[in-house]
Amino acid sequence: MGKYVAKRVLTSILTIWLVATITFLLMFLVPGGPFLAEKAPSAATLEALNKRFGLDQPKIVQYKNYMLNLLQGEMGESIKQRGRMVQDIIFSGFKVSARLGGIAILVAVCIGVPIGCIAAFNRGKWLDSLILFFSTLGIAVPGFVVSTVLMVIFSVKLDLLPTYGLTSFAHYIMPVSALAFYPTAYISRLMRSSMLEVLGQDYIRTARAKGLPQFKMIFKHALRNAILPVVTYLGPLLAYTLTGSVVVEKIFTIPGLGNEFISSIINRDYTMIMGTTIFLATLLIIMNMLVDIAYKIIDPRIKFK
Amino acid sequence: MRRKLALVLSLLMVAVMVMSACGTSNKPATKGTTLAVNVGPDPDTIDPALNSAVDGGTLILHAFEGLMTIDENGVPVPGQAEKYEVSSDGRVYTFHLRNGLKWSDGKALTANDFIYAWNRAIAPETAADYEYMFDVIEGYDEGKLNVTAPDDKTLVVTLKNPVPYFLELTAFPTYMPVRKDIIEANGEAWATKVETYVGNGPYKVAEWVPGSHITMTKNKDYWNYSKLGADNLKFVLMEDDTAILNAYQKGEILFADNMPNDEIDSWREKPDFHLQGQLGTYYVSFNVKKAPFDNPLVRQAFILAIDREWIVTNIGKAGQVPAGAFVSTGLSDADPSKEFRDVGGDYFDPYDYEGNLAKAKELLAQAGYPDGKGLPTIEYLYNEGSGHQAIGEALQDMWGKLGATVTLTSQEWGTFLNTRKAGDYQVARNGWLSDYNDPISMLDMWISGGGNNDAQWSNAEFDALIAKIKSTQDNAERYKLMHQAEDIIFQDWMLCPIYYYVDIYLQSEKMDGFYASPLGFKYFKFATVK
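Residue numbers (our numbering), protein chains in the order written: chain B, 12 to 316; chain Z, 1024 to 1553.
When the alpha-carbon atoms are kept at most 30 Å apart in a straight line, the in silico DSBU-like pairs for lysine-lysine are as follows:
no. : chain 1 : residue 1 : chain 2 : residue 2
1   : B       : Lys50     : Z       : Lys1167
2   : Z       : Lys1273   : Z       : Lys1293
3   : Z       : Lys1553   : Z       : Lys1243
4   : B       : Lys91     : Z       : Lys1216
Hint data in this document are derived by calculation from the structure and do not stem from the laboratory.
Full structure from sequences and hints, please.
Okay, here's the thing in structure tokens:
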């Protein structure tokens, strides 16, 4: 296990370095720059700005400087949000997004797994069709529609929930629902199909034949195997959800991280682009690693190689 | 197994809880009445020198005050300066500061704070977009402004030439004083933290959650404290138009600076709906170096062949004004009671589409393209956005009536700016907002080689006129020359105006005492909640 983890950590560092290098190269291939605006700054100002952020130096020097700073844990200063450090922006946004995303995933797992199981046990019956209907809806309807519809119904029409901010429990209800909508539906579909597969296997038939109580059979034997695809899905889901959603954050005015991914690219805020990309890549790698370890715990047949 | 699953889940829960605990709780930092408004999303910066956005400017104008401030009629009135004198040649302004002026941390404010702030704004190491706002002051070209403080309460400013709008400039966000000691100790980060963001304005920042809100409370050291409105101003940093409208409808904000275009029609008749002229023009840039737009006749034909009324009614919808010239409505003339636009008149009648179209066809024939025959395919470039696309489609159709084949190309914002600036286009969407109430702000951009001269246009006579305008001492003469400069633009027909911008906003009837300036800044300092 120790050797396995060490190997994983090493390849992870290599992957992150590759991601950083490729992003660095691609970023400068995109036309435009951080200082272009409808009103162009004067040539002298532009020169001063480039100098201020070290963009006047050859790309290879910029790359070297960036990587050296990164090794020391410094992601530099945001070019667009003057006076703010990239890591500060990322961590303050991540705290909010992760809290919201974490709750949403918890909700998605707690609802998605049981209803997936229920659908599997009632295969072909009306309950299965009903769940199928809702989960298809959940997968098909985009987040901004869910968010807007929720807001119009619960805030504007019924006047029950606040439209912006995150100061109380009531503030969390709509953004969490909007974020959990898709993963709940997806998890329930995954759970249903894998549960059906497991239920058809010999050892379940044996358990049934032995007269094991339904409840025990499901939770002790079937669920353990059936939940594996859900765990696989949880890795990337966690990474993407914890880093926030642009749509939900914009609609509910949430100071999260999601928006930074898009706005940094639109603004050509080079240091922010690097920072957010490296952060997301690192998180993805860590989550996938955790998933692999969780696999081993759930299914002892899986061996680390 | 259940135990293990429960373990995994509870670990996840613990992680979430830990993260929740890490989060800052939004403690109520404020007491008394709170006025919640939206003027824009999270500002990139609220450092007076670095900001170049209108919404950022509004925030700055509540935390700071210049020598002058703008009143509800859009006129500069004494702010931090109690009075001022102007020398007979109009070049030297002497400002006398009020007694007992203080910063929000209690320190005394002196004339030197202005000198520091202004020189900081033009310093190359500050790298401020709006440093050119100071180019009217002597010493700007040398990097040291001719601004002196004979004593702590007196500021003497020497201009290169008399500038009729100088008082207005002193109320502009870039002209706010800032604290040398704080900036030297904290660098640019001073403007990102509540503790170091010390101002001299009517309000001071009490809480700032980036991406969420900025709450300001009344500054008890402000000279005009007794006149101030609500105890707290909460600027909710919303971005999504629909969300802003929802919050407004629910009464969570009493002012919305933006609303979805589709909703304008249903709000137009309501008392909440306000429309104000903006000093700016939505126009189309021709690349005068690329065929067929290197021919002035073709440019004139394309300018005339547009039904501007149709565009503002069906696409703009917000009461935009069809433009028959470039310098927008709202800018004053030599006689401040008259508008530059009224004095100058239109270069064509933007309301006579049929007549214009007939003339356009004639012009195109004269240019050697009868019924558009022989015209190359025209590519119209615009940035992504439903409004710009709709206008592009309208132009495609309207220019199609001249026999032109027009294709539409949209680019993402940053790429678009780059392409347009490089002159790598035939005809492109463009827009310009004036920085201050003086037509020169819409004219000097067209000098040969100017950074915003996307048309790649060059006209020696025009360049000479602009130089003359900038050195003329006689105000009436100056305006005469500016009219002449605009005449040259339309002798060459080098750009195609579409409409003059308007600013729309929703203001609740529960709020009183609010006003907006023609530059788009919103003033809530005297606003009260009923």
